[in-house]
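Number of protein chains: 2
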Amino acid sequence: MPTMTLKKKNVKASLKKSVYFFGGGKADGNESMKNLLGGKGANLAEMAGHKNLRLPVPPGFTITTEVCAYYYQNGKKYPAGLKEHVLAALKKIEALMDRRFGDPENPLLVSVRSGARRSMPGMMETVLNVGLTQTTIPGLVKQSNGNERFVYDAYRRLIMMYSDVVMEKAAGIEPKEDMGIRRRLEHLMNELKKEKGYKQDTDMNVPDLKNLCALFKAKIKETLGKEFPDDPHEQLWGGIGAVFSSWNGKRAISYRRIEGIPDEWGTAVNVQAMVFGNMGDDSATGVAFTRNPGTGENGFYGEYLINAQGEDVVAGIRTPAPVNEYSKSEHNKEMVTLEKGMPHLYKELYNYQRRLEKHYHDMQDIEFTIEKDRLFMLQCRVGKRNGPAAVRMAVEMCRERLIDAKTAVSRVTPAQLDELLHPILDPAAEKKAAHIAKGLPAGPGGACGQVVFTAEDAVNWAKTGKKVILVREETNPEDIEGMRAAQAILTARGGMTSHAALVARGWGKCCVVGAGALDVNAHAKTFSVNGTTVREGDFISLNGSKGVVYQGRLPMVVGSEDNPNFAAFMKLCDQLRKLGVRANADTPDDAKKALQFGAEGIGLFRTEHMFYGKGAEEPLFKLRKMILSADEKERRTALNELFTHVKADIKATLEAMAGKPVTIRLIDPPLHEFVPRRPEEQKRLADSLGITVQDIEERAQTLHESNPMMGHRGVRLGITYPEVSEMWVRAIFEAAAELNKEGKKALPEIMIPVTCDVKEITHQQEIVKRIHSEAAAKFSVKQIPHLFGTMIEIPRAALLAHEMAEVCEFFSYGTNDLTQMTYGFSRDDIGAFVPDYVEKKILPNDPFNTLDQKAVGELINIGIKRGRSKRAHLKVGICGEHGGDPKSISFCHHAGMNYVSCSPYRVPIARLAAAQAALEDRKN
Amino acid sequence: MPTMTLKKKNVKASLKKSVYFFGGGKADGNESMKNLLGGKGANLAEMAGHKNLRLPVPPGFTITTEVCAYYYQNGKKYPAGLKEHVLAALKKIEALMDRRFGDPENPLLVSVRSGARRSMPGMMETVLNVGLTQTTIPGLVKQSNGNERFVYDAYRRLIMMYSDVVMEKAAGIEPKEDMGIRRRLEHLMNELKKEKGYKQDTDMNVPDLKNLCALFKAKIKETLGKEFPDDPHEQLWGGIGAVFSSWNGKRAISYRRIEGIPDEWGTAVNVQAMVFGNMGDDSATGVAFTRNPGTGENGFYGEYLINAQGEDVVAGIRTPAPVNEYSKSEHNKEMVTLEKGMPHLYKELYNYQRRLEKHYHDMQDIEFTIEKDRLFMLQCRVGKRNGPAAVRMAVEMCRERLIDAKTAVSRVTPAQLDELLHPILDPAAEKKAAHIAKGLPAGPGGACGQVVFTAEDAVNWAKTGKKVILVREETNPEDIEGMRAAQAILTARGGMTSHAALVARGWGKCCVVGAGALDVNAHAKTFSVNGTTVREGDFISLNGSKGVVYQGRLPMVVGSEDNPNFAAFMKLCDQLRKLGVRANADTPDDAKKALQFGAEGIGLFRTEHMFYGKGAEEPLFKLRKMILSADEKERRTALNELFTHVKADIKATLEAMAGKPVTIRLIDPPLHEFVPRRPEEQKRLADSLGITVQDIEERAQTLHESNPMMGHRGVRLGITYPEVSEMWVRAIFEAAAELNKEGKKALPEIMIPVTCDVKEITHQQEIVKRIHSEAAAKFSVKQIPHLFGTMIEIPRAALLAHEMAEVCEFFSYGTNDLTQMTYGFSRDDIGAFVPDYVEKKILPNDPFNTLDQKAVGELINIGIKRGRSKRAHLKVGICGEHGGDPKSISFCHHAGMNYVSCSPYRVPIARLAAAQAALEDRKN
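Residue numbers (my numbering), protein chains in the order written: chain A, 332 to 1255; chain B, 332 to 1255.
Among the clues, some could well be false.
Note: identical chains are not told apart, hence a pair may lie in one copy or across any two.
[Stated by the list, open to error] Listed next, the in silico DSS-like pairs over lysine-lysine satisfying Cα-Cα at most 25 Å (straight line):
#, residue 1, residue 2
1, 1100, 1072
2, 737, 798
3, 1072, 978
4, 1196, 1185
5, 423, 365
6, 1090, 1172
7, 408, 964
What the hints contain is simulated information worked out from the structure, not anything from laboratory work.
Make a model of the complete structure from these sequences and hints.
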């Protein structure tokens, strides 16, 4: 809305100047005028006119985006005076090119291109060779030294493009029988080629092309009921109108919806003198990068084609040659480089690209054309790069003092950094492949492997060296070894908090869960999905970062965890960021990985995770005994048996963190989650408790809940069964005290989950104080260093944070649960409607992926403000999965948190995002 | 805490005056000094000293509550000067009574009693006959005209009381072998009576009593190691100390915890001249009420006993006589009234009680004693009354201009009003009975009946005229007829939102759900609970307002719905209240009931309730077809079939409300709730859809959710299946339009449930607008009057209320869900921990019964403030069950809501609570 207002004002204020000229070492505009001239127009002006550049850009002019806005606000009419301004600018081009528009002897041809504020590649229209008519054809033949083939080829291209873009699309004519004019003309051309036995377009000779142009014109008359215009000015204004029209074409509108580009922005139109790379062997065209976009190395890297047009390089019909030795590859190493073939032009180009990088302080993507031995610069823009290249360029440019540290940090997106941390499916291959199913992105990176349906098979196949993907309806703790052995995990059920998702995220393993369309038949060892059946041993590929499943083997791109620039880049980030970064880690191994990734502590140690995975059978069995105890006495007995395991587990993690803080959450999930389902396990448990299997089932039944997420869990367990909290707290204190006795540091932070009232916390605090005294006495020390705090994950806790802070030394926001309660969304059940919500734009995204700053964010802000009103130095962090999401991390920074905590594999991302958030501070 | 501060200040500022005298037509204190003198002391001072009263109160003095505070703050020492003040006051009593404390000839005896700011009946100690010693006994014999039996009986009572209260309890002596001194002395007395063959205490003659006193003293020496004191002053100070001590006795402390009385308040001590109603046939004692406490009628009502002490009237050993004709009952109609037996004293008493009621402007509960033909007034206080009496008194006193309307309204508690609306278990009987189980109070009132275990049995037994209580593990829609036939419903499972609870509340039927201790065996037609087995046909009784289950038949107290004063009282309430009162009603019958109870509209019409109950088979079947449809086409077919039913249902309710607003909520619960479980129903459905039963099960399985409360429900259904919203909205508009055509008024308010984002509402609003246009066109009208709004029941909706209010004409707070999300409590699962929370004082009460003003209340306030910031006249109501809870209604009033909505049976309560809330405004 503000944009609209601004726009209207601008339209009135500055409509005087609607055409900006560039060329001949001068320009009316410059790079800073992207809003008015579009990205393309602004960059052309900069290249042409800036005193440090003044590159040989074919002269031209830009009709502003304001004209576009005017055009749509005034029933598709142009503002008064536009025609005159355009004609005047055209005169300037004529002067600089020493050619005249429509001149039979020495004609000027122009291109008409779109150019919006932000790049919308391929979404709008272009018309080339405008100005070519029956009258001007002879003049162009003369210019090209009698190259009639070139001229008639240009003419047939103009006819095809113009009839499609201007005469059909912009005129709003619906194609008959769903076949557009372009396809009809292509059909004519293919028939001619067939008739003559030609394979390539270039096989057509001059008479063929002349014949074709005539056929084209007749077909156009027949189909569209109008003549192809033979007046250069009619062609020009047709082209301009078509570009403005294409702003509201279907493709452009839907692209804007997806990218969030406002309709009011509009496009500029760039009219520029045509130059031709296909005028003979002294002509050429090419694209180049000022540094290697694949590796980031500081080398001039590019390709070119002799006697070709720009689109031929992109189209990939001919193999382009390397511009220099550095750009050679296996495919083109025998070809003549530009450096060798046209050394003076290469030198000129090389100097220009150096100048451009220095001027723009970033790697540039350049298009150039050589027309009859003369170099023209057609475009420059910031070059796209992959993750490793982005990191390397940032680090090296900073070292070269081309940019400062802040700029270096801002140059790498979190997604690019992530590429260094996980192998991923090759994005190019993914673009071409059709997925067979979608699910939730539960574990990062990509994977490719053979399907197996049981944990046992996963283990056995993996032993023989096969890469497998474990496919299950749902996983459970008994599948853990198979999950570990597999490259990736795919489940048909379960949400982002399901067993598979939790385990995979903890390991940084690729995982897709809740792919509901999958019909898994573990017995038959097949799964079917939308009519496709996949059998054991078949290959599938997963994109765990997006939750997509592909059939077959997609190529992988391996990340470079040991990238030498990675550490240097992280150091830059760490210098800038203010937010601490911790990891969510549940085992000593996780803790080590977290340290390796630069975590400054553990923000969430989920004690219940010791009951999953290898070696968990005994602790799990004892936990189950505890859960199914009939009374406090039985429960205390089971807890005593469990104590040793819990203490050992906590001690190992505290030791791994060597004195860095470890936030240990007391037991959180509803107990029924651990109840055994398999008969043999029920039997063993029944025997051990001296009861029947039926008793087990009955006791389990009483634990059943309608909405376990809001049921008997977290601190609620610790209040009904204080002895459970006691055991865990004792394990924490004794583990820490033992380490202290061994001369090691340990800093446990005891965290109470799922609280909604300060009295829950004081209740648990009494237990903590009592057990602390007992443990301190046992180890003959005054004090076992520790902190005491709570999760803030229930809206009421956030609202009553001032009360909570009276007894808590720290808060840790559990934004998974806080999002659930704030939205009333069960994370395990959103599959039924949230995808639909996002598609219908009711929600901008899944609020479990990116923190909702409006409401969840307000509760966080309220909690911090009220908490710190009672305890100024209250430590505040986040341990929900938003802690690894860059946008959410930015929010946490601005909210004044002390740290974020995320999975070990997200720690580098978080360090980067925290640094980028700190940069925003300076901007504002 | 403020009390404490105030207290300390007071202690210092006014300790000069620690003793307040009353008697002889004067008093140092008055009724307004309850904080200082306690309730008893203040009332005694008022009766004795106020110029309008000056009643013959035995003279005495009050030691202030500040002394008590001082006593506890100073290591149980008295402030300086207290002894002197007490002695001085004692002298005044002596003068007025013309007797002297400790005098052998004409001794003064005194009572020492507690008296706190608020009555704590039976929680603290009393010592009577203080001053009776070996020395003064002869003097008392003389005063009583030689009645030695009277004197020695008084002496043995003093010894028993004093040894217990002063020598044991106040001294902090732990009873040996768990047997206190009082029981030991009683044992001695019983042995003596057994030995002599006496049945009653009064059988003992003077030698017996003398002997007993000696035995008592010896036992005291032996047990407590101290002599019973024979010094009157030692007795007096012992008594005073014992009363102060009893403030911190176990009983008193636990009573204060329950009633929320601060520990700092302390008790006063009242020392007063003893007068004796048991000095002969010219003596008597009695209690009376200035109006009939059972009916509220304006008649002087009381009982008395000749030659008896006050405690004898209460103890019920002898049948008391009526004070006048009016007070006669079946049991005592032959006895001599005070009016007849002592006409001059009756006349005096009658005048006093008139004076007291006029003075206090309320019905008074009076104690009096006649000692040797002389009337003494011992106590007066506001008399307790039952519900019907409270309403009648309020109405009549207002009519008599004894009180104004505001006072009248403030005189009736919501619980008293509720007594008029439901039959209840006799509270007296309930007090004595032991419950066999507890559950959740799901439906109001009480019930008593024979247990049946199936709906069929309930219907059949009821046909034969039996009163039955339907006991089920859980109920479901198929039980509906049995539920209707039964007096009450009892279930072992399910929460306050379970089927049984919803249905029973809607009907105002007594219901207890989730009595988890019950083991129901419907097959064997028994249930067992804690070792008791109850069989079909056995009687049980339920208190549905408290959730208690009793074995056997408890007597019922029938409410008086047609109480003639009820309407008059409601009118008083309606004059005062500002808050509107609506009802939650789901059927035309409910709507009629709601109107009858004074509802001004329907605040919540739950459309899904048409699928429960009689005649619901067809609609339910069609709903199920819709739910299990495989695609939009199938779904639209089923919806079309359903349309007629839905329209008819809505139309009937709109018609019943005759133009009063009816808030119709679009379908709310998760669809899987309606999926059929019974094989024959699954079969019928499968046949109708042309699929297999297995298909039905599979489709049902895909609807399964982990946490349905936060799943695919409410507006989320309307967004994924817009055709569902369409059908309901069309039914609403066509129902209203048809009524309009018939010349009837209809005002539907379309309400979107479970929203968390304004875009959900705009999405649904588009549907509403479109269907409105279509319906208006169909009925050829411009406009079908309606409002459009949303439930606010998700925290995010409250926080974003400013956005919601842009498109909503009203908000209705769904505080059931809002409480669930704000606390993270699933209402169906709180049974596992909330009772424990309340018991451990972590929560003051179940937040689903009384609205949590701290956090849920803040969200409500935020929502109203932000909502009205965008739409000043936004209509705001509440439709959660808190809408029927008086404390919560008070909150709603102060929050500025327009109305509350509750079950029809709670409407009168809500009208009263709203009026009382409005009264609070004037106070503040």
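Hints versus structure:
1. In this assembly of identical chains, residue 1100 and residue 1072 lie within 25 Å of each other by CA distance solely inside one copy; the values are 20 Å within and 74 Å between copies.
2. In this assembly of identical chains, the alpha carbons of residue 737 and residue 798 never lie at most 25 Å apart, being 42 Å within a copy and 82 Å across copies at closest.
3. Within a single copy, residue 1072 and residue 978 get their C-alpha atoms as close as 15 Å, which meets the 25 Å cut-off; across copies the closest is 77 Å, which misses it.
4. In this homomeric assembly, residue 1196 and residue 1185 come within 25 Å of each other (Cα to Cα) both inside a single copy, at 16 Å, and across copies, at 17 Å.
5. Taking CA atoms no more than 25 Å apart as the test, residue 423 paired with residue 365 passes inside one copy only; the shortest distance there is 23 Å, against 102 Å between copies.
6. In this assembly of identical chains, residue 1090 and residue 1172 lie within 25 Å of each other by CA distance solely across copies; the values are 8 Å between and 41 Å within a copy.
7. Taking the shortest Cα distances, residue 408 and residue 964 never come within 25 Å of each other, neither inside one copy (87 Å) nor across copies (46 Å).
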